[in-house]
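Asks: Residues per chain, in single letters:
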Amino acid sequence: MYKAGTKEWEDYYDKLVAQRKKSESIPYIVLTPEWVSEFEKKIQGDDRYKQVAKTWEGSVTLVFKADPEAGLDKDLFVLMDLWHGECRSVKIVPSEIGRNGDYVLEAEYGRWKRVLKKELNVVKELATNKLKLVPFNFKNAAKLAAAAQAALRLVDLSGQVSNKFPDDLESKEFDSFKALLKKLNTDFGI
Amino acid sequence: MFGLMGKILRVNLTDKNISEERIPEEVAKKFLGGRGIASKYLFDEVKSGIDPLGPENKLIFMSGLLAGTPSPSAGRYSVVAKSPLTNIWAQSNSGGRWGVDLKHSGFDGIIFEGISEKPVYLVIDDGQAEIRDADDLWGKNVTETTGVLKEKLGNKFNVAAIGTAGENLVKYAAIMNDIHRAAGRCGLGAVMGSKRLKAIAVNGTMEIKIADKKTFQEISKKQYELLGENILGAGLQGYGTTLVLDIVNVCGGLPTRNWQTGVCSFAEDINGESLSEKVLVDAVGCFACPIKCGRRTEIKKGPYTGEKGEGPEYETVAIFGAMCDNSNLEAITMANYLCNDYGLDTISCGSTIAFTMECFEKGILKTEDTGGMEISFGNSDAIIELVHRIAKREGVGDLLAEGTRIMAQRLGQGSERFAMHVKGLELPAYDSRAAKITGLAFATANRGGDHVTGYVQGPTFLASPFLVIEESEIEDPLKENPAETKVVKDLEDALTVFDAVGSCKFMGMASDAQEISEIIAAVTGWKFEVEDFRKIGERIYNLERAFNVREGLTRAEDTLPKRLLEEPLPEGPAEGNVNNLGILLDPYYEFRGWDKTTGKPTPEKLRELGLENVIKQIYGSKEQ
Ligand code: SF4
Numbered sequence: 000m001y002k003a004g005t006k007e008w009e010d011y012y013d014k015l016v017a018q019r020k021k022s023e024s025i026p027y028i029v030l031t032p033e034w035v036s037e038f039e040k041k042i043q044g045d046d047r048y049k050q051v052a053k054t055w056e057g058s059v060t061l062v063f064k065a066d067p068e069a070g071l072d073k074d075l076f077v078l079m080d081l082w083h084g085e086c087r088s089v090k091i092v093p094s095e096i097g098r099n100g101d102y103v104l105e106a107e108y109g110r111w112k113r114v115l116k117k118e119l120n121v122v123k124e125l126a127t128n129k130l131k132l133v134p135f136n137f138k139n140a141a142k143l144a145a146a147a148q149a150a151l152r153l154v155d156l157s158g159q160v161s162n163k164f165p166d167d168l169e170s171k172e173f174d175s176f177k178a179l180l181k182k183l184n185t186d187f188g189i
Numbered sequence: 000m001f002g003l004m005g006k007i008l009r010v011n012l013t014d015k016n017i018s019e020e021r022i023p024e025e026v027a028k029k030f031l032g033g034r035g036i037a038s039k040y041l042f043d044e045v046k047s048g049i050d051p052l053g054p055e056n057k058l059i060f061m062s063g064l065l066a067g068t069p070s071p072s073a074g075r076y077s078v079v080a081k082s083p084l085t086n087i088w089a090q091s092n093s094g095g096r097w098g099v100d101l102k103h104s105g106f107d108g109i110i111f112e113g114i115s116e117k118p119v120y121l122v123i124d125d126g127q128a129e130i131r132d133a134d135d136l137w138g139k140n141v142t143e144t145t146g147v148l149k150e151k152l153g154n155k156f157n158v159a160a161i162g163t164a165g166e167n168l169v170k171y172a173a174i175m176n177d178i179h180r181a182a183g184r185c186g187l188g189a190v191m192g193s194k195r196l197k198a199i200a201v202n203g204t205m206e207i208k209i210a211d212k213k214t215f216q217e218i219s220k221k222q223y224e225l226l227g228e229n230i231l232g233a234g235l236q237g238y239g240t241t242l243v244l245d246i247v248n249v250c251g252g253l254p255t256r257n258w259q260t261g262v263c264s265f266a267e268d269i270n271g272e273s274l275s276e277k278v279l280v281d282a283v284g285c286f287a288c289p290i291k292c293g294r295r296t297e298i299k300k301g302p303y304t305g306e307k308g309e310g311p312e313y314e315t316v317a318i319f320g321a322m323c324d325n326s327n328l329e330a331i332t333m334a335n336y337l338c339n340d341y342g343l344d345t346i347s348c349g350s351t352i353a354f355t356m357e358c359f360e361k362g363i364l365k366t367e368d369t370g371g372m373e374i375s376f377g378n379s380d381a382i383i384e385l386v387h388r389i390a391k392r393e394g395v396g397d398l399l400a401e402g403t404r405i406m407a408q409r410l411g412q413g414s415e416r417f418a419m420h421v422k423g424l425e426l427p428a429y430d431s432r433a434a435k436i437t438g439l440a441f442a443t444a445n446r447g448g449d450h451v452t453g454y455v456q457g458p459t460f461l462a463s464p465f466l467v468i469e470e471s472e473i474e475d476p477l478k479e480n481p482a483e484t485k486v487v488k489d490l491e492d493a494l495t496v497f498d499a500v501g502s503c504k505f506m507g508m509a510s511d512a513q514e515i516s517e518i519i520a521a522v523t524g525w526k527f528e529v530e531d532f533r534k535i536g537e538r539i540y541n542l543e544r545a546f547n548v549r550e551g552l553t554r555a556e557d558t559l560p561k562r563l564l565e566e567p568l569p570e571g572p573a574e575g576n577v578n579n580l581g582i583l584l585d586p587y588y589e590f591r592g593w594d595k596t597t598g599k600p601t602p603e604k605l606r607e608l609g610l611e612n613v614i615k616q617i618y619g620s621k622e623q
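So the sequence lines, in the order shown, correspond to chains U and A. If you read the first sequence in numbering that gives the first Met the number 0, its first letter stands for residue 0, the second for the next number, and so on. If you read the second sequence in numbering that gives the first Met the number 0, its first letter stands for residue 0, the second for the next number, and so on.
One or more of the hints may lead you astray.
Only part of the chain A face toward chain U is listed, based on derived beta-carbon distances under 7 Å [what the hints assert, rightly or not]:
id: 1; residue: Ile49
id: 2; residue: Leu52
id: 3; residue: Gly53
id: 4; residue: Leu231
id: 5; residue: Ala233
id: 6; residue: Gly234
id: 7; residue: Leu461
id: 8; residue: Ala462
Pairwise CB distance ranges, derived in the manner of DEER restraints [what the hints assert, rightly or not]:
id: 9; chain 1: A; residue 1: Lys208; chain 2: U; residue 2: Pro67; range: 47 to 55 Å
id: 10; chain 1: U; residue 1: Glu118; chain 2: A; residue 2: Glu550; range: 42 to 50 Å
id: 11; chain 1: U; residue 1: His83; chain 2: A; residue 2: Arg409; range: 54 to 62 Å
id: 12; chain 1: U; residue 1: Asp155; chain 2: A; residue 2: Glu570; range: 54 to 62 Å
id: 13; chain 1: A; residue 1: Met0; chain 2: U; residue 2: Asp46; range: 53 to 61 Å
id: 14; chain 1: A; residue 1: Lys561; chain 2: U; residue 2: Ala17; range: 51 to 59 Å
id: 15; chain 1: A; residue 1: Lys300; chain 2: U; residue 2: Lys116; range: 26 to 34 Å
id: 16; chain 1: U; residue 1: Asp155; chain 2: A; residue 2: Lys300; range: 35 to 43 Å
id: 17; chain 1: U; residue 1: Lys40; chain 2: A; residue 2: Thr304; range: 31 to 39 Å
id: 18; chain 1: A; residue 1: Gly581; chain 2: U; residue 2: Glu118; range: 51 to 59 Å
Within a straight-line C-alpha distance of at most 25 Å, the following computed PhoX-like cross-link-like pairs (lysine-lysine) qualify [what the hints assert, rightly or not]:
id: 19; chain 1: A; residue 1: Lys307; chain 2: U; residue 2: Lys116
id: 20; chain 1: A; residue 1: Lys277; chain 2: A; residue 2: Lys117
id: 21; chain 1: A; residue 1: Lys526; chain 2: A; residue 2: Lys212
id: 22; chain 1: A; residue 1: Lys277; chain 2: U; residue 2: Lys53
id: 23; chain 1: A; residue 1: Lys604; chain 2: U; residue 2: Lys131
id: 24; chain 1: U; residue 1: Lys49; chain 2: U; residue 2: Lys64
id: 25; chain 1: A; residue 1: Lys615; chain 2: U; residue 2: Lys129
id: 26; chain 1: A; residue 1: Lys299; chain 2: A; residue 2: Lys29
id: 27; chain 1: A; residue 1: Lys15; chain 2: U; residue 2: Lys117
id: 28; chain 1: U; residue 1: Lys49; chain 2: A; residue 2: Lys28
id: 29; chain 1: A; residue 1: Lys221; chain 2: U; residue 2: Lys129
id: 30; chain 1: U; residue 1: Lys138; chain 2: A; residue 2: Lys220
id: 31; chain 1: A; residue 1: Lys526; chain 2: A; residue 2: Lys595
id: 32; chain 1: U; residue 1: Lys131; chain 2: A; residue 2: Lys220
id: 33; chain 1: U; residue 1: Lys40; chain 2: U; residue 2: Lys182
id: 34; chain 1: A; residue 1: Lys220; chain 2: U; residue 2: Lys129
id: 35; chain 1: A; residue 1: Lys29; chain 2: U; residue 2: Lys138
id: 36; chain 1: A; residue 1: Lys221; chain 2: U; residue 2: Lys131
id: 37; chain 1: U; residue 1: Lys138; chain 2: A; residue 2: Lys221
id: 38; chain 1: U; residue 1: Lys129; chain 2: A; residue 2: Lys504
id: 39; chain 1: A; residue 1: Lys299; chain 2: U; residue 2: Lys138
id: 40; chain 1: U; residue 1: Lys138; chain 2: A; residue 2: Lys604
Source of the hints: derived by calculation from the structure; they are not laboratory data. Glycine residues also receive a C-beta, built at the ideal position from the N, C-alpha and C atoms.
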């Protein structure tokens, strides 16, 4: 297993993404490394995001709680490194890295899915702490409140990448998604 | 009675007669308290066509039904009268703790009638009311007046007062309580000044009874917990209402240079973060409010160093800042302190100054008209000087003291186009061209151009739905969607109930109608369900509309300034947009049950709401 936080881990992760972008068909499955990478590109190329997130500082981790029906045997952590309208990177990471994000937002897989599909309003979910800020602290909560438009834009962009969610897959695809998660776990500690 | 004290005080300032009246239970059940009961009295007792600054106008203070109970963020009171600024129904609402202390003194409200020959103030101490001579207070501003009264009467007395702006009948003078909290909008301070009523000092220990304490405590506890981990609550505590400044700006809707654009290039100099860095001392809240969106501040640099006070909040920063093209946060803060002390509504005051700046820019006003002052955009010294002159009605300040609508009528030369008011009330700092539905809310609000009547800025600019109505989503703020006009109607009705019970409207983002109905039921002991909540809001709203109709208001007045209807925003995400209000008015009237030609509530609607007595008043006898 590559050691999380090392250059080696990063290089192999990037290699995996490059390989899968070649082998997998579009639209990518949500929560796969290739989906995450496309999401990163979308954010990086989006002027509206740059504008609405101009004052944002800090990494955000989205924690998808374990949900076997969606193939998640354990929690999955997506870390977004965001700074003043720039998106430095978005990656799936091991829990110990994800938990160190500046803002950790946690919810059931099903709730995230409804947020990303825009069936639920992300700001309302944040405001009512259903996308739970963990640990809750007033200073960070205030910053999130001020970033309402940026949060909305991120949801828009994720929808532009794909709305193909793991729990909607046919059994063959679902099996290979599970196999992928297993590999992420053994190789990358995810 | 539970929740309410069940009594009001009637004070005739002409003959100095004071009497007590019981609030009939059926009136309480139909109108709850605060804005609801006050509007009911105003409609019944004030004839149409009277002079708002004459003896026939009544000035009604009324605390909310929940005020004084430990229900979170629910200690507010309303003041209602006919407005000298708009000439229609007026209501203004304030927090702090004066409304709570009024109830502890034994009364839910006070109705002032007539005009005193000499300046007076009213003292209420545990059920005993007395009119006293205020000769020594006249000419003093709010801080000093409050200080003198506390010294005379004791620190436990809480004071609502006007400053010199109210005495001088500035059309947008405010009534201030707890020194820094304002019942600001619509010029009710001028009504108080016209009656020569300087202040009301209240104190008392009377108990506010709760019918079902156990249930009440359970729900309140839940609400406090909810607010304890609420991101919007945290945002408001962290940055005050200036939290929204960046958000509105990135939507291209922060009115700048008197609404010439919706993008402010120096937003980061005046936003919540900047305010925290430059002037914030700590966060302060109203009675029983865990949110604490108020700001205790001190100016730490420049010519006003050492000045202290509370505020500014979002509207004040946006208006004295972006709207006046002024990036000097210290000057904005100072303008806010001055407005509080003179007793001036910061929204109307700052907007009138921004309008004056554009008149100056366009050569409609020249230095010979302004006593030599260069009233140009961005001139922060001129802003401060103008606030003084407005409050004192000195020089050009006398013209500005009349408000934007009258100014434009007097100045002409096309200035009406960019006089940013609706029905005479200056607009708040959200450009409706960047969120179309907010234009409908401005156009139809009962008190004129206002944002908190139906805070549809929540679901648009802030992208934050209101839980208190069933469906508040606005799909695309830049599109006029007729079906979404129901959101405006529903919000107007729901937030009317908030004013009636004395709840802060921010609670409407966190609490739903079920929870609030349960609280009302627990406090009053009445059977009270969501359906009652909705119906009462609609009833009060229609009664207020009927007051305006009786004053001659028609559909033609439900409109927006020409700038919003005809001049596209020049830049930003809403570039090219104007308000196509025509698309939204008919469906809104339909949801409301109002006649599409006249704008009157139909007799059927009034009957449905139990307002049969109103029909004759606005239709004459033939519709009875
Ligand atoms: S949120 Fe602000 S205005 Fe509302 S009650 Fe609390 S402190 Fe007062």
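Asks: Run every hint past the structure and note whether it holds.
Replies: Do the hints match the structure? See the list:
no.: 1; hint: Ile49; result: violated, 44 Å
no.: 2; hint: Leu52; result: violated, 42 Å
no.: 3; hint: Gly53; result: violated, 46 Å
no.: 4; hint: Leu231; result: holds, 5 Å
no.: 5; hint: Ala233; result: holds, 3 Å
no.: 6; hint: Gly234; result: holds, 3 Å
no.: 7; hint: Leu461; result: holds, 6 Å
no.: 8; hint: Ala462; result: holds, 4 Å
no.: 9; hint: A:Lys208 to U:Pro67: 47 to 55 Å; result: holds, 54 Å
no.: 10; hint: U:Glu118 to A:Glu550: 42 to 50 Å; result: holds, 46 Å
no.: 11; hint: U:His83 to A:Arg409: 54 to 62 Å; result: violated, 48 Å
no.: 12; hint: U:Asp155 to A:Glu570: 54 to 62 Å; result: violated, 22 Å
no.: 13; hint: A:Met0 to U:Asp46: 53 to 61 Å; result: holds, 59 Å
no.: 14; hint: A:Lys561 to U:Ala17: 51 to 59 Å; result: holds, 58 Å
no.: 15; hint: A:Lys300 to U:Lys116: 26 to 34 Å; result: violated, 50 Å
no.: 16; hint: U:Asp155 to A:Lys300: 35 to 43 Å; result: holds, 41 Å
no.: 17; hint: U:Lys40 to A:Thr304: 31 to 39 Å; result: violated, 50 Å
no.: 18; hint: A:Gly581 to U:Glu118: 51 to 59 Å; result: violated, 33 Å
no.: 19; hint: A:Lys307 to U:Lys116; result: violated, 48 Å
no.: 20; hint: A:Lys277 to A:Lys117; result: violated, 44 Å
no.: 21; hint: A:Lys526 to A:Lys212; result: holds, 15 Å
no.: 22; hint: A:Lys277 to U:Lys53; result: holds, 20 Å
no.: 23; hint: A:Lys604 to U:Lys131; result: violated, 44 Å
no.: 24; hint: U:Lys49 to U:Lys64; result: violated, 29 Å
no.: 25; hint: A:Lys615 to U:Lys129; result: violated, 51 Å
no.: 26; hint: A:Lys299 to A:Lys29; result: violated, 50 Å
no.: 27; hint: A:Lys15 to U:Lys117; result: violated, 62 Å
no.: 28; hint: U:Lys49 to A:Lys28; result: violated, 52 Å
no.: 29; hint: A:Lys221 to U:Lys129; result: holds, 16 Å
no.: 30; hint: U:Lys138 to A:Lys220; result: holds, 23 Å
no.: 31; hint: A:Lys526 to A:Lys595; result: violated, 35 Å
no.: 32; hint: U:Lys131 to A:Lys220; result: holds, 20 Å
no.: 33; hint: U:Lys40 to U:Lys182; result: holds, 24 Å
no.: 34; hint: A:Lys220 to U:Lys129; result: holds, 19 Å
no.: 35; hint: A:Lys29 to U:Lys138; result: violated, 42 Å
no.: 36; hint: A:Lys221 to U:Lys131; result: holds, 17 Å
no.: 37; hint: U:Lys138 to A:Lys221; result: holds, 22 Å
no.: 38; hint: U:Lys129 to A:Lys504; result: holds, 21 Å
no.: 39; hint: A:Lys299 to U:Lys138; result: holds, 23 Å
no.: 40; hint: U:Lys138 to A:Lys604; result: violated, 48 Å
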